[in-house]
Structure formats: C-alpha cells, structure tokens
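A.B. asks: If you're matching them up, the sequences are chains B and E in order.
156 is the number that numbering that gives the first Met the number 0 gives to position 157 of the first sequence; each next residue is one higher, with no gaps.
223 is the number that numbering that gives the first Met the number 0 gives to position 224 of the second sequence; each next residue is one higher, with no gaps.
Everything labelled a hint here was simulated from the structure, so no lab data went into it.
Careful: at least some of the hints might be erroneous.
Claimed, not checked - Capping the alpha-carbon separation at 20 angstroms, the derived lysine to any residue pairs in SDA-like fashion look like this:
hint, chain 1, residue 1, chain 2, residue 2
1, B, Lys345, B, Ala329
2, B, Lys44, E, Trp309
3, B, Lys44, E, Ala130
4, B, Lys44, B, Leu63
5, B, Lys44, E, Thr312
6, E, Lys4, E, Arg330
7, B, Lys44, E, Leu313
8, B, Lys345, B, Leu284
9, B, Lys44, E, Arg330
10, B, Lys44, E, Ser310
11, B, Lys44, B, Val34
12, B, Lys44, B, Gln340
13, B, Lys44, E, Lys4
14, B, Lys44, B, Glu62
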Amino acid sequence: MKKRLLVLVLVLVLAFSGIASAQESYTIGVSNNFVGSEWRTQMVKQIEDAAAEIEELYGIEIELVIESTDTDVSGQVQQIQNLLNRGVDAIIVNPGDQTGLNLAIEEATDEGVIVIAVDQEIGAEGALNVVIDQKEWAKISMEWLAEELGGEGNIVLIEGFVGHPANEARMAGVEEVLAEYPDIEVIGRESGMWDQATGQQVMSDFLASLTDIDGVWTQDGMAQGAMTAIMTADLENPPIAVGEARASFLQTWNETLMENPDFATIGVVNPPGIGASGLRVAIELLRGAELNEDALSGPFGNTLYVPIPYAVTNDNLEDVYEAQNIGEAAGSYTLDGIITQEGAIKLIAGEELTEMDVTPDVGEPEVEGMDMGMDEEAEESSSD
Amino acid sequence: MNQAKFRRFLARNSYLFALLLLVVVVLINYSRQDNLFEPSVLNRNIRVFLPLVILAAGQAIVIIGGGIDLSVGAMVSLCNALLVTWITPETAGGDILLAITLVALVGMAAGLLNGIAVAYLRLQPIVTTYATSFIFAGLALTILPRPGGELPRDMTRLYRRLIEVDAFGNIPIIQDIPILREIPPAFIVIAIVLLLWAFVRQTRLVQYIYAAGDNAEAAYTTGIPVQRIRLGTYVISGFFSAMAALALTMSLGSGSPTSGDAMTLDSIVAVVLGGTRLRGGQGGIAGAMMGVVILGVIRNIISFYDVPTWSQTLVDALIILIALAGPGLVRYISDLIRRYRLQGGRAA
Numbered sequence: 000m001k002k003r004l005l006v007l008v009l010v011l012v013l014a015f016s017g018i019a020s021a022q023e024s025y026t027i028g029v030s031n032n033f034v035g036s037e038w039r040t041q042m043v044k045q046i047e048d049a050a051a052e053i054e055e056l057y058g059i060e061i062e063l064v065i066e067s068t069d070t071d072v073s074g075q076v077q078q079i080q081n082l083l084n085r086g087v088d089a090i091i092v093n094p095g096d097q098t099g100l101n102l103a104i105e106e107a108t109d110e111g112v113i114v115i116a117v118d119q120e121i122g123a124e125g126a127l128n129v130v131i132d133q134k135e136w137a138k139i140s141m142e143w144l145a146e147e148l149g150g151e152g153n154i155v156l157i158e159g160f161v162g163h164p165a166n167e168a169r170m171a172g173v174e175e176v177l178a179e180y181p182d183i184e185v186i187g188r189e190s191g192m193w194d195q196a197t198g199q200q201v202m203s204d205f206l207a208s209l210t211d212i213d214g215v216w217t218q219d220g221m222a223q224g225a226m227t228a229i230m231t232a233d234l235e236n237p238p239i240a241v242g243e244a245r246a247s248f249l250q251t252w253n254e255t256l257m258e259n260p261d262f263a264t265i266g267v268v269n270p271p272g273i274g275a276s277g278l279r280v281a282i283e284l285l286r287g288a289e290l291n292e293d294a295l296s297g298p299f300g301n302t303l304y305v306p307i308p309y310a311v312t313n314d315n316l317e318d319v320y321e322a323q324n325i326g327e328a329a330g331s332y333t334l335d336g337i338i339t340q341e342g343a344i345k346l347i348a349g350e351e352l353t354e355m356d357v358t359p360d361v362g363e364p365e366v367e368g369m370d371m372g373m374d375e376e377a378e379e380s381s382s383d
Numbered sequence: 000m001n002q003a004k005f006r007r008f009l010a011r012n013s014y015l016f017a018l019l020l021l022v023v024v025v026l027i028n029y030s031r032q033d034n035l036f037e038p039s040v041l042n043r044n045i046r047v048f049l050p051l052v053i054l055a056a057g058q059a060i061v062i063i064g065g066g067i068d069l070s071v072g073a074m075v076s077l078c079n080a081l082l083v084t085w086i087t088p089e090t091a092g093g094d095i096l097l098a099i100t101l102v103a104l105v106g107m108a109a110g111l112l113n114g115i116a117v118a119y120l121r122l123q124p125i126v127t128t129y130a131t132s133f134i135f136a137g138l139a140l141t142i143l144p145r146p147g148g149e150l151p152r153d154m155t156r157l158y159r160r161l162i163e164v165d166a167f168g169n170i171p172i173i174q175d176i177p178i179l180r181e182i183p184p185a186f187i188v189i190a191i192v193l194l195l196w197a198f199v200r201q202t203r204l205v206q207y208i209y210a211a212g213d214n215a216e217a218a219y220t221t222g223i224p225v226q227r228i229r230l231g232t233y234v235i236s237g238f239f240s241a242m243a244a245l246a247l248t249m250s251l252g253s254g255s256p257t258s259g260d261a262m263t264l265d266s267i268v269a270v271v272l273g274g275t276r277l278r279g280g281q282g283g284i285a286g287a288m289m290g291v292v293i294l295g296v297i298r299n300i301i302s303f304y305d306v307p308t309w310s311q312t313l314v315d316a317l318i319i320l321i322a323l324a325g326p327g328l329v330r331y332i333s334d335l336i337r338r339y340r341l342q343g344g345r346a347a
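Only chain B is shown next, with the shape it has when bound in the complex (with noise of 0.2 angstroms):
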C-alpha cells in the first residue's frame, strides 16, 4: 500500500515537472452561457478535440478553462471575470447579449487577452468575432421557401432567443429577403427558443390558431420541433418548412421521403465546431501571426467569416447521408465544418479559403464525393 503511493507521488511530482518543463503553454478560457441545446454540447466538444489536435500539431500544452452554464448577462459577465481572475491568454466566447457583455470584454483586452467571439457577432472593442455569415445563413434556407412557395402565400416565422445576436442577424438576412417576395406575407412569428420542445409547441399553436399557413421558416434547433408538430396536425396540405442540419431530423427527412416523395424541405449547416474554428484562430494569434486588417469585415469591422459549409437539399440528402453514415449518427449530432488550422492561417491573412481548409469534423478525414463546395457556396451568396 505505501509502495503504491509512493508510486502515485513519484508519477504526479514526475508529471508537474513535465508540465513546468513545457517550452509553450497556453491557457484558454470558453465562455458559454447556454447549456440546454445539443448544439452547444458539440461546440465545447469539439473545442476540447481541436485542443488536443492542436497540442500534438505544434507540441505545445494548452491548457482549457471551460465556463458553461445557463445563466443570464451578468452570469456571464462573472464567467468572463472568472477567466481574466485565471489568468487566461485567450478567451473564447459564445455571446449571449448583442451589448451586455462589451464592458467586460473590453476590460479583457486592455489586459492584453485575446478574446474571440465566436457563433454571434458583437461589437466589443478589440475583440474579433469568428463567426459564420448569420444572415447569409437565414438567408439560403427563406429564399429556399420563397421559391419552393412560388413567391407567393402565408407564412409564420419561429425565431430563436430574441436579442441574441445571431437570431438578430438571422431575422435581419429573412427580412432582407422577405422584402423581395411582396407576395409572401407573414401571418405569425413567435420565439421558439432554439428549443426544440418549444419550437413544437409555438408551431402547434399556429395550427391551431391559423388554418391558411403555406409556408414555415426556423432555426436550428427547433425546426425538428415544428416538423413534428406538423406532421401530428396530419394536415391535407401541409405547409412547406425549413429544416435543419441536425441528424434525427436527416433521418426524419429520409423516411419520409420514402412515403411521400413530394416532401421538400432544407437545412443549412449551421457548424457547432464554429467554437474549435475560433481556438484555431486564437493559437494562431497567440502564436504571433499577424492579423490582416483588410480581412476583417461584417457589422462591427472586426469579423472575420468562416464559410458556410453548405446547404442540404433533397438533391444531395442521399450523398450527404452515406458520407456521413447520418442512419448510424446519434439524432443530437449537428452537421459541422471546421476550418483546419491552415485554414486558420489562411483567415488570418486574408486569403480565400477552399474546400480542403474546412473538415466536417475535428480528426477526420475530408469526405469524398460532396459535391456541394465551399465555393459553390460563396458564389451562390455571393450573387444574392
């Protein structure tokens, strides 16, 4: 017995050594204020996976100080605190308020922090945001409706938290392409709190209430919830909606296309590993490349735009489904893309990403045959 301790003591003296020894070490913080959404669950996941990969591409120790719970603007304001109190040398941050965070922000970067937003972007001073395109990304899944409605007839709108930032943008982007359709008029539009039970009820109520909706448009997160609540209503003529990118609604999608053939719907990819992108982004940084301030754009100029990895259709569902094995997955995974760390390095300086810099997941290798690229993308949201 007192061998083995001696053992134990001797392996964790051993192991600070080494830790004290490491020639490059990092600490980064992760902010998160939203616990209840799978989405999420996979953003800090992947986060912890492209740590690891990243210590093993440069040999260098990173260290994560993870804060992730529900709490409201000033529970993160108190996670933000925490991370500087820790001493952090980045910090990675999921925004939970458009404005309510800035102060705090700020103060991490006098400190010299880095702080990357990352899946909503802010203004904050100094920091950069690391984001999708949100309102791009609203926008391919509501011109997706318009055309599938023939530019014409009722439709509900179910939004996410109101006053997060990405939902404000996404709003913004179905808004932009709403005035477009004056045709399309929008009979209801409520909050489904990203929630998928939630989303089930707000759509259940509009059917309840509202006999003439042809048309529905939501977010990830609750598109799966309004999708059921439809198909509950078993309606003569169902109305078209928008889905999402998440596995048990592919394989919702896929089943019922097997019985009616006719069914439509879309999910953008809307990528949890927007967070991993970030870190990649961080380490660069912190690593001391250079930031090109002529890659910086967006609402505050300081965001810098991962791709948006691509649209699923009834067109490529059957590839995207074989290539990534969708009937096995478990029904919370969500869809991803992550910019490879060249990828990072290439963002940083403003150069234009491929295919090749985004994976559909950390770790693993590009999937063959999806022919729905990045530049595909970029030109299709580049010609709206």
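Please arrange chain E on chain B, whose structure you already have, making use of the hints.
C.D. replies: Here is chain E on its own, set in the frame of chain B:
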C-alpha cells in the same frame, strides 16, 4: 451562556449561519484563487454581485413583512430598459439624475401596484406578484424590444473603477493593506445600505413590519396598521428593484428587456440562505445580502475547482441545496443528540 439564551441569541442574529457559510465559501475560493483579495479582483466580483445584493435586500423586507415578491426581476428589466432609453452617451449630468429619480419613482409605482393588490384587495402574494411580473416584463419589451443602448463612459467608469483613498495614507500597517487604499465602489453602496438598516432597524415602523409578518391578526388587534405596512414593504421592494436596475445598468453599460428576469428566484434563495424564513416575521437584510455573495462565490468555486463542464450546473445546484439545508440539518442532528441523551438519562 445557557441553552435557552443561546437559542434566543441565534434567533435574534439570524444571519450568523450565513456569515459562517460566507467565511467558509470565501476560504474555499481563496484556497484555489490566491489573488481573490486583490482590490481589482475583489472589485470585479463584488460589482457583478451588487445588483442582486440590492434586490435581495428589498426582497428580504417583503418576506419579513409576511409577503413575497415574484416581480422583482421583471421590475429590474423594466427599470433597466427605461434607464438606457432615457440616458444616452450624450446625456448631461442633471438629466441623468432626473432619469434616475424617475426610474426610482417607476419602481415604487410598480411596488405600489403589488402592494395595493396584496394588502387591500387581499390577493395571494405569490399569484399576484407572478401576474404583475408579466405586466412589467411586457412593458420592458414594449419600451426596449431589442437589447441595446449605451451609457456615458463616465457613468460606467464610476461604477467599475476602484476608488483611491488617501485617508490612511501614512499610517503604518494600514497603508500596506491594499483594499484600504483602493475601495470598490460597490462596498460603499453596501455599507450605506447596511448602515441605513442598522439605523432604522429599531424604529417603530420596522418593528411593525416584523410584527405584521409574525402574526398579522395579533398585530392588527394591537393597533398596527397592517395593511399600510404591507403596502409599504412592496413599495420599498419596488424602490430597491429600481436601484438594483441602476447598478445592473452601470455594470453592463447597456440594456436588455429580459436583463433581470433570472434574478427573481436568486433573490429569494439568497434571502433564505441569509437566515430569513419564508413565513415572515423574522430575519434581516444583512443575511440576504450575504446570501447573494455566497451564491456568487459558489459559482467562482466551481470555476476555480475545474468542475467538469457537463456537471457544473448540477454541482452548483447541489451546493446551494446543501447550504439551504444547513440550518435544518444542524437542528435535526442536535435534536437527535438531545433525544438520545434524554433516553440515556432515563435508562440510567
């Protein structure tokens, strides 16, 4: 001190358990975070806690008076929305004071609505204030549909920056204690609230609040204006909500129509942690204010002890539950011991 005296001492100083708990959690926190007592770190912590500290003080007064206020969070949201609507970065000093005064009046008016419904219409406090919370939340959404707004920089700085004190400048020992040279503004606010409370605690009016909460009927028959006292507690809570909103707004520098919503339950948990029982008539605001700091420090502990991501919420809830159960557990165990002794005595 004999047992009966000791019990009376405990009952009169209901915050003692909270104080003990506070010392324990702060020490646990400190064991992992050695910069905890640095002025800047202390300041960062306490300025985040302050809005809830103020809110819980108001909640405590309502609960002592025999009620409960489930609308405090919504009142904070409403006042926060009003503050960022009325104050912009260009607003001059005088107009800022005017806006703050107006917001305080709005908070008191909201409390008045609660008070009339509870004290004069005799509606159940829980249901009433839950219902009015939707009125206040709805108003907040109407006034500020989307988060935004900005305060003048000087105003947020006033709240965030340490205050340098020269008074102790050359006194040996004291001049080496950093926190006495640089004081977080939030400490001053807390000190003022506590001093005011100590000042009014023995006045007849505050004694009436305790009496009304302890036994309303008995209080009524002894000539205490129970209805007016109840009404008053809700108005005070409304005022404290407005002040909490001011602190929150200065802390965040911006507004959101849902900014205070999550604070309601936390304020009640803090009051109970602070030794005030929900049935009223007993307790105090000092304990409630400590309760808030305890809640905040628990979150720090979770952070500094590297609790795995997936169990942070669970651990947070478990620690709070244990803390809440603490006094009850102590009582239960001491009862067990006494009963055991009594039985032992009979056997012998």
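A.B. asks: Which hint numbers does the structure go against, in order from smallest to largest?
C.D. replies: Hints 1, 3, 9 and 13 are the ones this structure does not satisfy, whereas the remaining hints hold.
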